[in-house]
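Under the working numbering, the first residue of the sequence shown carries the number 4, and numbering increases by one thereafter.
Hints in this document: simulated from the structure, not taken from any laboratory. Fair warning: there could be bad hints in the mix.
As the list claims (entries may be wrong) - Calculated lysine-lysine pairs in the DSS-like style (CA-CA distance at most 25 Å, straight line): (1) K71 with K101; (2) K281 with K265; (3) K196 with K99; (4) K51 with K161; (5) K78 with K196; (6) K14 with K78; (7) K281 with K323; (8) K301 with K46; (9) K101 with K161; (10) K51 with K78; (11) K161 with K219; (12) K279 with K265; (13) K276 with K321; (14) K46 with K219; (15) K99 with K78; (16) K111 with K196.
To be verified - Pairwise CB distance ranges, derived in the manner of DEER restraints: (17) K51 with K259: 19 to 25 Å; (18) R82 with K326: 43 to 49 Å; (19) E21 with T92: 47 to 53 Å; (20) K78 with T103: 20 to 26 Å; (21) K51 with K323: 33 to 39 Å; (22) I189 with R82: 24 to 30 Å; (23) N256 with K326: 15 to 21 Å; (24) K259 with L127: 51 to 57 Å; (25) P271 with T92: 54 to 60 Å.
Using N, Cα and C, we set each Cβ at its ideal position, and we do this for glycine too.
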Amino acid sequence: QMWEEAIALGKELAEQYENEMFDYEQLSELLRKQAQFYENIVKVIRPKPDYFAVGYYGQGFPTFIRNKVFIYRGKEYERREDFEARLLTQFPNAEKMKTTSPPGDDIKTSSGQYIQCFTVKPKLDLPSKFHRPVSEQIVSFYRVNEVQRFEYSRPVRKGEKNPDNEFANMWIERTIYVTAYKLPGILRWFEVKSVFMVEISPLENAIETMQLTNDKINNMVQQHLNDPNLPINPLSMLLNGIVDPAVMGGFANYEKAFFTEKYMHEHPEDHDKIEKLKDLIAWQIPFLAEGIRIHGEKVTEALRPFHERMEACFRQLKDKVEKQYGLRAILPGLEERRGSRPRSMVRSFTMPSSSRPLSVASVSSLSSDSTPSRPGSDGFVLEPLLPKKMHSRSQDKLDKDDLDKDKKEKKKEKRSSKHQEIFDKEFKSTDISLQQAEAVILSETISPLRPQRPKSQVLNVMSSERRFSVSPAPPSSQLSPPPITPRTKLAFSIQPNLELNGMSSSDIPDVPPPLPLKGSTADYGNLMESQDLISPTTSPPAHQRVSP
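Go ahead and model the full structure; you've got the sequences and the hints to work with.
See below:
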């Protein structure tokens, strides 16, 4: 799920496909994968693994890990206890240390094996390209990936213990570990190359805690704005722990410890830090207000009393903070992300005048450099695209109607001129091979008043009509194909009292029935062509004049 790394490698490969190999099929497939990776970054929630510092102390370990500290990247959702159990299986004789402070020389020089393991926090190191506020979903990857610095904080008490307020004398001893390479890398663990320690004063610790709390509220609000289907329980616990003084006390402990005349008189150098802490407290109110608003929209009826109590506590807190530390408004970055993020998640949108959804990318390409490309901004028009689409649809419909009309007219003309075509075929038999193949429908009766023709011409006419009726139509007839009447329904019927070419029905000899009509062009094509080559002086076979 490290899609950011896959995108970087994909860009290198796309350069080869586009400018070196000219393999556009592979390029298109690769770009589709990159698009899916970008979508996954925004939408998919990825688990954040924990990092553990492991020290191997004692002469009983191999030399490459003896008296050294390594940073391990744990598996997804792996707890420290599970990681320690997995680690101790590799060294069954090792003894687990109970403290997190660095061991003395007696342990390092002993012949035994001692393993020290504790959780460390990766320190965020954002790339330089993020020069403006971005979504937490994008930044969250760099909180646990591409990290090289890790810190571990231990509380240390200095001075007299204050039973009423433990924050007044609680110092933080922070140890920073720097690994040889960034994690994760080719391995899931790297050696620590440098270690240094810093001390955090109680006031600086309070400032850090307030900043982390505000960021946590802001991030959770953004997640619920981007995905309304998220569960409400984590938001409820977070807001209630800050708003309700009976739970954690809120920042009232900071006011008792640092906002007194005694502390300001003893620490005049901390005046700027105190003002910064007050500013963070004031900024927390608009974040809480937004979180409670979202909580009220999503709360169920069963939790409605809980929400009402939280609202009451928040109103008291808001009045107190605004009176003491001033009024703050929502950050511009929050409003911008709140407005732009949901639109970035929308695949397409439909304008009222169109029934076809237009993609955001295609619509944005309509606007020039001087006009905004974001949907909903001034100067954003979709009118050039919609008439074109409507015109193409109406034009297609008109073309189709004209084509159907032409077909109907042609069919009507052919039906009205069938008898005329029959007479043309009878009197102009020599030109019949040059005419277009038509389905000939004979009349029910044959008039005895028509002029007689030689018997050879009768044969030629009948064979030509039979051959042309089953031959494939020329390409020009594909635009408006005429209705083809099945040949099984075209039969020569002879009435008893009628004459055919001067011969009565009594003069027709008794002959066997003719061959069946061919069903395809390959059945009797050669036979028909051979019959067509018969000399005109040759008398035709008798069965050509008999009805099948």
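Structure-based check of each hint:
{"no.": "1", "hint": "K71 with K101", "result": "18 Å, holds"}
{"no.": "2", "hint": "K281 with K265", "result": "17 Å, holds"}
{"no.": "3", "hint": "K196 with K99", "result": "23 Å, holds"}
{"no.": "4", "hint": "K51 with K161", "result": "34 Å, violated"}
{"no.": "5", "hint": "K78 with K196", "result": "23 Å, holds"}
{"no.": "6", "hint": "K14 with K78", "result": "28 Å, violated"}
{"no.": "7", "hint": "K281 with K323", "result": "13 Å, holds"}
{"no.": "8", "hint": "K301 with K46", "result": "20 Å, holds"}
{"no.": "9", "hint": "K101 with K161", "result": "23 Å, holds"}
{"no.": "10", "hint": "K51 with K78", "result": "9 Å, holds"}
{"no.": "11", "hint": "K161 with K219", "result": "29 Å, violated"}
{"no.": "12", "hint": "K279 with K265", "result": "19 Å, holds"}
{"no.": "13", "hint": "K276 with K321", "result": "22 Å, holds"}
{"no.": "14", "hint": "K46 with K219", "result": "19 Å, holds"}
{"no.": "15", "hint": "K99 with K78", "result": "21 Å, holds"}
{"no.": "16", "hint": "K111 with K196", "result": "18 Å, holds"}
{"no.": "17", "hint": "K51 with K259: 19 to 25 Å", "result": "34 Å, violated"}
{"no.": "18", "hint": "R82 with K326: 43 to 49 Å", "result": "45 Å, holds"}
{"no.": "19", "hint": "E21 with T92: 47 to 53 Å", "result": "50 Å, holds"}
{"no.": "20", "hint": "K78 with T103: 20 to 26 Å", "result": "22 Å, holds"}
{"no.": "21", "hint": "K51 with K323: 33 to 39 Å", "result": "35 Å, holds"}
{"no.": "22", "hint": "I189 with R82: 24 to 30 Å", "result": "25 Å, holds"}
{"no.": "23", "hint": "N256 with K326: 15 to 21 Å", "result": "19 Å, holds"}
{"no.": "24", "hint": "K259 with L127: 51 to 57 Å", "result": "31 Å, violated"}
{"no.": "25", "hint": "P271 with T92: 54 to 60 Å", "result": "56 Å, holds"}
The structure is inconsistent with the numbered hints 4, 6, 11, 17, 24, although it conforms to all the rest.
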